[in-house]
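J.: Protein chains in written order, with this note's numbering: chain A, 1 to 204; chain B, 1 to 272.
Keep in mind that the hints were calculated from the coordinates and are not lab data. Incorrect hints may have been included.
Claimed, not checked - Mimicking BS3-like on lysine-lysine, the simulated pairs with C-alpha atoms at most 30 Å apart in a straight line are:
no.: 1; chain 1: A; residue 1: 83; chain 2: A; residue 2: 154
no.: 2; chain 1: A; residue 1: 200; chain 2: A; residue 2: 133
no.: 3; chain 1: B; residue 1: 240; chain 2: B; residue 2: 126
no.: 4; chain 1: B; residue 1: 241; chain 2: B; residue 2: 2
no.: 5; chain 1: A; residue 1: 98; chain 2: A; residue 2: 133
no.: 6; chain 1: A; residue 1: 72; chain 2: A; residue 2: 83
no.: 7; chain 1: B; residue 1: 240; chain 2: B; residue 2: 177
no.: 8; chain 1: B; residue 1: 87; chain 2: A; residue 2: 200
no.: 9; chain 1: B; residue 1: 87; chain 2: B; residue 2: 241
no.: 10; chain 1: A; residue 1: 200; chain 2: B; residue 2: 54
no.: 11; chain 1: A; residue 1: 129; chain 2: B; residue 2: 2
no.: 12; chain 1: B; residue 1: 177; chain 2: A; residue 2: 98
no.: 13; chain 1: A; residue 1: 200; chain 2: B; residue 2: 253
Given the structure is predicted, the values throughout are model-derived calculations rather than measurements.
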Amino acid sequence: MSIFEYNGSALVAMVGKNCFAIASDRRLGVQLQTIATDFQRIFKIHDKLYIGLSGLATDVQTLYQRLAFRHKLYQLREERDMKPETFASLVSALLYEKRFGPYFCQPVIAGLGDDSVPFICTMDCLGAKELAKDFVVSGTASESLYGACESMYKPNMEPEELFETISQALLSSVDRDCLSGWGGHVFVVTPTQVQERTLKGRMD
Amino acid sequence: MKLDTTGLESFASFHGEMDDLHGEFWAPPSFDLPVCADFDGFQKNAIQMVKPAKGTTTLAFVFKEGIIVAAESRTSMGGYVASQNVKKIVEINPYMIATVAGGAADCIFWHRNLGMKCRLYELENKRRISVAGASKLLTNMLYSYRGMGLSIGTMVAGCDEMGPSLYYVDSEGGRLKGSRFSVGSGSPYAYAVLDNGYRYDMPTGEAAELARRAIYHATFRDGASGGVAVVYHVGPDGWKKISGDDVRELHDKYYPAVQVPPEQEMMQVPPV
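Please model the entire structure based on the sequences and the hints provided.
T.: Next up, the structure:
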């Protein structure tokens, strides 16, 4: 098992009609042993921008703290929130700074830009951005997630249907992965509200 | 050790002041390199991984009414769940069962082979083989393959003239007679629950529930265990499957979801 599979994680983000959803599992483990079932992997940067971080748990927490610091500094200077595309470039630069001793994390960024156009992207641990129009996945369950999302995704879903789709995709994929699962956490963000829900899944 | 980045320094001279706040942004680009002999392999060697030993949980214990044998039903290949529905308790003959841990192919083949040898013994000697004899046959066979990479951690359970007997047999050639065993990566968690609740003179129902609970707790904590908790009972008249419960349902039964009343509820403000 590699360093990316040391703690175990599953992340997925999907685009809907003027909204997006981002979901993660809740397990924190040390190889096969489960330590906690309420680990937070998705963090709010501002009201319309969320970042999910998969991979080594200590790097997840440290990277989030560094990004929160950088964004707060930006807010103080520019007196406004960062656009999702700008934030993605910031994350990419921060990851490449550590090219020869990287953070063992794969971020998933999801945000609502101007005119409520949803933006999602993912990157590898060195900062290579991958923009997508439909969904992005990350974590130890990523192969199962790709399969589930590919078959369940439809464009232009309303928030309720998007929540159902992303939840089903997440739960069915983590059931095929030993290292992630034990529940789920879903955020559905529209221009006017944010809905945060906890999913009950298999606890094995 | 730092890379030579003089070629990238052209713009550094524009920015005179280097106070703390600006230092991070305007310093000339330079990469910190880890100090080690092999930095190409650095990421691979970042953490030494110990190969997980036999991703499974099986347990068996002897009590007044016979032997309870229990197991879960997941096979995992590294991190991937290959199946949630595998039979880890195999029947050797109508009065002896064995558990499967380690290599599935190894266990199933050698148990079938053992069943054949037990039947031949019965035909040659006109009496059933004892559990001690059956486990010895298995051990001797496995010992001759020692060092060739077989991976078997099995428990043979049965009732014979000596009463209920339980033997632990593994591919290193070890054979132990005992009254309480658990094998696999989830065994520490199962032992904790089993050792806590065990009494020799439990009724069968309580013993089966103890085994079920131990397997459930192992599936919760161990990533390589899951699926269905299967419980068998071996008595003087032979073995009988008692139950097979999906651990998800066991979770809901042991820890039902409690509705937490919200601290504050948002009120709908009527439009003015």
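J.: For the pair we were handed, residue 72 of chain A and residue 83 of chain A, check the Cα-Cα distance against 30 Å.
T.: This hinted pair holds, its Cα atoms lying about 13 Å apart.
J.: Quick one, are residue 200 of chain A and residue 133 of chain A close enough, alpha carbons at most 30 Å?
T.: holds, 28 Å
J.: Residue 200 of chain A and residue 54 of chain B: Cα distance at most 30 Å?
T.: holds, 29 Å
J.: What's the verdict on residue 98 of chain A and residue 133 of chain A, does the C-alpha distance respect the 30 Å limit or exceed it?
T.: The given pair, whose Cα atoms are some 28 Å apart, holds under the 30 Å limit.
J.: For the pair we were handed, residue 240 of chain B and residue 177 of chain B, check the Cα-Cα distance against 30 Å.
T.: holds, 22 Å
J.: Between residue 177 of chain B and residue 98 of chain A, does the CA-CA distance stay at or below 30 Å?
T.: violated, 55 Å
J.: Decide if the proposed pair is consistent with the structure: residue 200 of chain A and residue 253 of chain B, CA atoms, cutoff 30 Å inclusive.
T.: holds, 14 Å
J.: Is the straight-line distance between the alpha-carbon of residue 83 of chain A and that of residue 154 of chain A 30 Å or less?
T.: holds, 26 Å
J.: Would you check the hint for residue 129 of chain A and residue 2 of chain B, treating anything up to 30 Å between C-alpha atoms as holding?
T.: Judged against 30 Å, a Cα distance of about 27 Å means the pair holds.
J.: Please verify whether residue 87 of chain B and residue 241 of chain B have alpha carbons no more than 30 Å apart.
T.: Holds, because 12 Å separates the two Cα atoms, which is no more than 30 Å.
J.: Straight-line Cα separation of residue 87 of chain B and residue 200 of chain A no greater than 30 Å?
T.: holds, 27 Å
J.: Just to be careful, I want the Cα atoms of residue 241 of chain B and residue 2 of chain B compared with a cutoff of 30 Å; is the pair within it?
T.: violated, 66 Å
Comparing the model with each numbered hint stated earlier shows that hints 4 and 12 do not hold.
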